[in-house]
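**Student:** For the record, the sequence lines run as chains A and B.
For the first sequence, our numbering assigns the number 5 to the initial residue and increments by one for each residue that follows.
For the second sequence, our numbering assigns the number 9 to the initial residue and increments by one for each residue that follows.
There's no promise every hint is true.
Stated by the list, open to error - Quick look at which bits of chain B chain A covers, simulated, 3 or more residues with Cβ under 8 Å:
hint	region
1	140–151
2	223–233
3	245–257
4	289–302
These aren't lab readings, by the way, just hints derived from the structure by calculation.
Predicted, not measured: the structure shown is a model, and the values here were computed from it.
The beta carbon of each residue, even a glycine, is placed where N, CA and C say it ideally should be.
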Amino acid sequence: MNREAVSISPDDGPQEGGPWLGAAARFAGPAELLAAAQRMNQAGFRRWDCHSPFPIHGLERAMGVRPTILPWLVFAAGLTGALVALLLQWWTNAVAYPFLISGKPLFSLPANIPVIFELTVLFAALTAFFGALLLNGLPRFIQPGTTAASFASVTSDGFFVTVQASDPLFDPARTAAFLRELGAVEVELCPLPKGAAEIPRGVYWALAVIAVSALLPPLFIARARNHTLEAPQEQPRIHIIKDMDFQPKLKTQRISTFFPDRLGMRPPVPGTLPFDPNPAPAIDRGRFETGREGDQFVTEFPIPVDAALMQRGRERYNVFCATCHGLTGEGGMYEGMTARRARARGETLWFPPAALTSQSVREQPVGKIFDTITHGVVREGRHSMPPYAVQIPPRDRWAIILYMLALQRARAPSPDDFGAASRTAASSPTSAPTSPEETRAAEGGTGESSAESSAAPMQGIQS
Amino acid sequence: MSATTVSLEDNTFTDPRRRAPLVLGSADFATVTDRVAGLVERPRPPLGWYIGFAAAVVWMLVFFGLVGYLFLTGVGVWGNNSPVFWGFPIVNFVFWVGIGHAGTLISAILFLFRQHWRTSINRFAEAMTVFAVVCAGLFPAIHVGRVWLVYWLFPYPNPMGMWPNFRSPLLWDVFAVSTYATVSVLFWYLGMIPDLATLRDRAVTPLRRLLYGLFALGWTGSARHWHVYERAYLFLAALATPLVLSVHSVVSFDFAVSQVPGWHTTIFPPYFVAGAIFSGFAMVVTLMVPARAFFGLKELVTIRHLDNMNKIILATGCMVGYAYAVEFFTAWYSGSRYELFAFVNRALGPYAWAYWTMVACNVVIPQLLWFKYFRTTPWAMWIIAVLVNVGMWFERFVIIITSLTRDYLPSSWGMFMPTWVDLCMLAGSFGLFFTLFLLFCRYLPMVAMAEVKGVLPQAKVHHHAEHEASAAPVGHDVATAPAHGV
Chain A
5 MNREAVSISP DDGPQEGGPW LGAAARFAGP AELLAAAQRM NQAGFRRWDC
55 HSPFPIHGLE RAMGVRPTIL PWLVFAAGLT GALVALLLQW WTNAVAYPFL
105 ISGKPLFSLP ANIPVIFELT VLFAALTAFF GALLLNGLPR FIQPGTTAAS
155 FASVTSDGFF VTVQASDPLF DPARTAAFLR ELGAVEVELC PLPKGAAEIP
205 RGVYWALAVI AVSALLPPLF IARARNHTLE APQEQPRIHI IKDMDFQPKL
255 KTQRISTFFP DRLGMRPPVP GTLPFDPNPA PAIDRGRFET GREGDQFVTE
305 FPIPVDAALM QRGRERYNVF CATCHGLTGE GGMYEGMTAR RARARGETLW
355 FPPAALTSQS VREQPVGKIF DTITHGVVRE GRHSMPPYAV QIPPRDRWAI
405 ILYMLALQRA RAPSPDDFGA ASRTAASSPT SAPTSPEETR AAEGGTGESS
455 AESSAAPMQG IQS
Chain B
9 MSATTVSLED NTFTDPRRRA PLVLGSADFA TVTDRVAGLV ERPRPPLGWY
59 IGFAAAVVWM LVFFGLVGYL FLTGVGVWGN NSPVFWGFPI VNFVFWVGIG
109 HAGTLISAIL FLFRQHWRTS INRFAEAMTV FAVVCAGLFP AIHVGRVWLV
159 YWLFPYPNPM GMWPNFRSPL LWDVFAVSTY ATVSVLFWYL GMIPDLATLR
209 DRAVTPLRRL LYGLFALGWT GSARHWHVYE RAYLFLAALA TPLVLSVHSV
259 VSFDFAVSQV PGWHTTIFPP YFVAGAIFSG FAMVVTLMVP ARAFFGLKEL
309 VTIRHLDNMN KIILATGCMV GYAYAVEFFT AWYSGSRYEL FAFVNRALGP
359 YAWAYWTMVA CNVVIPQLLW FKYFRTTPWA MWIIAVLVNV GMWFERFVII
409 ITSLTRDYLP SSWGMFMPTW VDLCMLAGSF GLFFTLFLLF CRYLPMVAMA
459 EVKGVLPQAK VHHHAEHEAS AAPVGHDVAT APAHGV
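Required output: the full structure, derived from the provided sequences and hints.
**Tutor:** Structure follows, in structure tokens:
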């Protein structure tokens with residue numbers, strides 16, 4: 005299309021042809037361009053421009069270009085960045101997901117300054133870059149004046165004034181003459197480019213289709229990952245990378261290609277003896293493993309109880325039970341971390357754990373408690389407490405129950421638990437021990453009573 | 009334009025009566041274009057380019073092959089193990105981030121100070137910044153172990169209901185390095201738009217015309233566009249200047265905010281920034297000396313440019329040497345036996361060889377740059393610059409390895425030995441860097457043509473404007489630049 009541009013000599017009369025895109029005039033150097041720009045501005049042209057391979061300082065003032073609003077945009081973007089960073093850090097670390105680190109305040113400005121600074125710079129820089137493009141109307145691949153033959157030199161050593169045909173003062177012949185009068189080395193009238201120079205409309209449609217279809221994969225991913233009560237996901241998540249969820253190890257009940265009998269679960273080698281330092285005494289397996297006698301819950305322990313079993317129960321209780329029921333089993337404000345967090349997060353599927361020291365639990369037979377640990381609690385069709393049969397073997401379940409009874413006794417002791425001295429103090433509260441002898445006696449009494457209370461659950465069991 | 013037909017003269021001598029020319033040879037606007045664009049338009053580059061590119065690509069493939077090996081096998085392929093969990097990946101990360109800083113310094117800080125000599129080398133240095141940040145960003149990303157979850161670094165709403173800890177310097181690092189990478193790319197690209205338009209207008213094949221045309225965004229050198237463009241460039245420079253200082257400060261917080269002896273000092277931010285500029289300028293010299301010889305850019309990138317850069321290397325090298333000395337003083341003055349031990353251990357412990365390599369390369373050898381001979385002789389400065397790069401890599405090695413191998417508890421002490429994967433990944437990151445760099449040299453304008461034209465004597469409008477009767481009032485505004493010796 006460059007070939008179509010018409011070069012005019014000074015002798016030419018009124019130009020034939022058109023319609024015109026505009027006119028382009030080449031000048032010898034930056035100084036000439038600056039002088040011409042001054043005259044063009046004074047002559048009252050509106051839709052015109054100067055072009056040069058490098059910025060010429062003062063040219064925009066000679067042209068009467070008003071200062072750009074870019075500084076204000078950049079300033080606003082910088083402020084926005086600072087505010088966004090501040091709110092992001094405050095909301096995420098102090099509100100949505102409180103991060104308690106070494107007892108420091110949840111929201112402390114000094115630690116937030118680096119990120120505030122970085123986002124200020126990021127927002128301002130992105131605005132400076134894209135704002136400059138936007139204010140310049142770029143990218144724009146077909147521009148007035150660019151069809152002139154010599155215009156390609158504008159990015160090397162050419163200095164041009166272009167006038168658009170849409171300028172009210174534009175007239176092919178007179179504008180060309182005026183440009184020549186300004187000292188132009190060369191003046192060209194540029195015809196409108198033929199349709200071929202336009203980007204075909206189909207390209208825009210194709211780009212739009214590509215852009216929309218590019219949104220589909222993330223939408224599908226978002227849909228597949230979204231799991232709510234209203235729209236639960238039936239299938240497990242697709243694991244693109246297996247992490248440690250799927251390990252190349254042999255599990256029980258799986259087929260082994262290694263062993264001839266193809267059993268993944270290996271039987272013990274012939275002659276294997278069971279190893280147990282404390283061989284279990286002969287016990288009633290039915291009562292021991294179900295907590296039932298016929299269709300009745302047992303009320304007494306099926307195994308002998310002792311201090312070692314109590315210690316084991318305490319340890320197992322703290323591992324498995326305390327996370328929900330709390331270390332004291334009292335529930336309420338003493339409930340465990342899991343329960344507290346569920347409450348804090350407002351979990352809708354969460355049932356608060358039962359208070360193990362409450363009257364209703366205290367009245368349950370031990371077999372019933374054993375059954376609860378074994379099978380969990382089902383409420384409204386869901387496990388509000390999961391079954392622990394897999395995690396806790398029967399002996400440990402009985403140990404936990406033993407420790408639970410101790411917790412209940414500690415919460416609601418009977419007067420018998422306090423020994424003789426305490427009983428005396430309780431019966432006559434006004435006569436506090438005054439002499440050293442009496443105090444020692446009271447202490448001795450307390451010592452007795454603690455020994456007694458540790459033995460007390462066993463009494464209760466035997467009865 | 010006879011005024012500038014100076015032969016390849018010595019422009020390192022400062023004569024107060026006459027400003028030394030920034031560009032030598034018979035430079036006018038067209039020759040600058042021809043010289044720089046001609047490099048890109050050659051049908052085929054010199055043989056040396058092919059050899060260098062082949063070597064770089066091989067090492068780049070080694071790097072990515074090892075990354076694949078790492079993913080499939082796990083981080084055990086590295087020498088990282090208790091007590092040194094950071095090891096080579098973090099040493100390389102800090103090294104490459106530091107390299108990048110000189111590019112931003114040249115393009116932004118020297119721009120703000122109106123140091124016109126930067127125009128010949130800023131594009132080159134900015135490209136180096138971008139490629140160094142690419143190398144730097146890869147190392148912490150692969151160091152996280154399960155790299156497919158690396159997006160967990162960024163705060164985004166997720167079904168786990170969790171957010172990152174904004175009081176951790178490691179998270180500040182995520183923001184600092186990603187902001188730095190973004191702004192560096194924007195700055196580099198914005199500066200390149202007018203030059204891409206030059207390549208578009210000179211393109212002879214339709215493909216080149218299309219590709220350069222797409223990236224030139226329709227730039228026509230319009231004065232209205234230049235007006236906004238220059239403001240945007242100024243803002244990016246003004247934003248990049250504090251940014252570049254912040255980035256290495258934040259990197260140093262990764263160390264200084266912890267309590268490991270040898271890391272927990274307030275001198276770290278300025279010390280790291282000075283070291284970064286030091287290593288970055290050394291890298292610019294390392295790349296520029298061969299490039300200007302191979303690509304015939306000796307008239308645009310003159311000995312004076314190299315001289316100036318060597319002065320900055322000398323200055324920052326002295327700052328780094330001062331920091332090494334002050335660290336010992338601080339350790340002694342703190343009265344903390346752990347701090348004191350950390351530094352005695354650096355100088356005399358099992359890694360003393362690394363420490364003294366660092367001191368020799370970073371403090372002793374740059375002192376040669378006090379002599380003008382070393383500042384103006386390309387081969388001599390090249391050797392010094394390469395040694396400075398070696399020294400600065402060892403600085404990061406010393407800081408990370410010596411402090412982690414021996415901290416508070418002697419029972420937890422250990423030694424660090426890199427594996428072959430560590431060493432090949434370090435070499436491979438150079439392969440990646442040079443691959444990108446040689447592609448840049450081949451397909452993009454190596455020198456900012458529009459900016460160099462702007463500092464040519466012909467670009468000044470005042471003494472042409474004087475005899476113009478119209479004598480636009482604007483002529484006085486731009487007449488502040490001193491007359492050149494024409």
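**Student:** Could you tell me which of the numbered hints above are not met by this structure, giving the numbers in increasing order?
**Tutor:** 1 and 4
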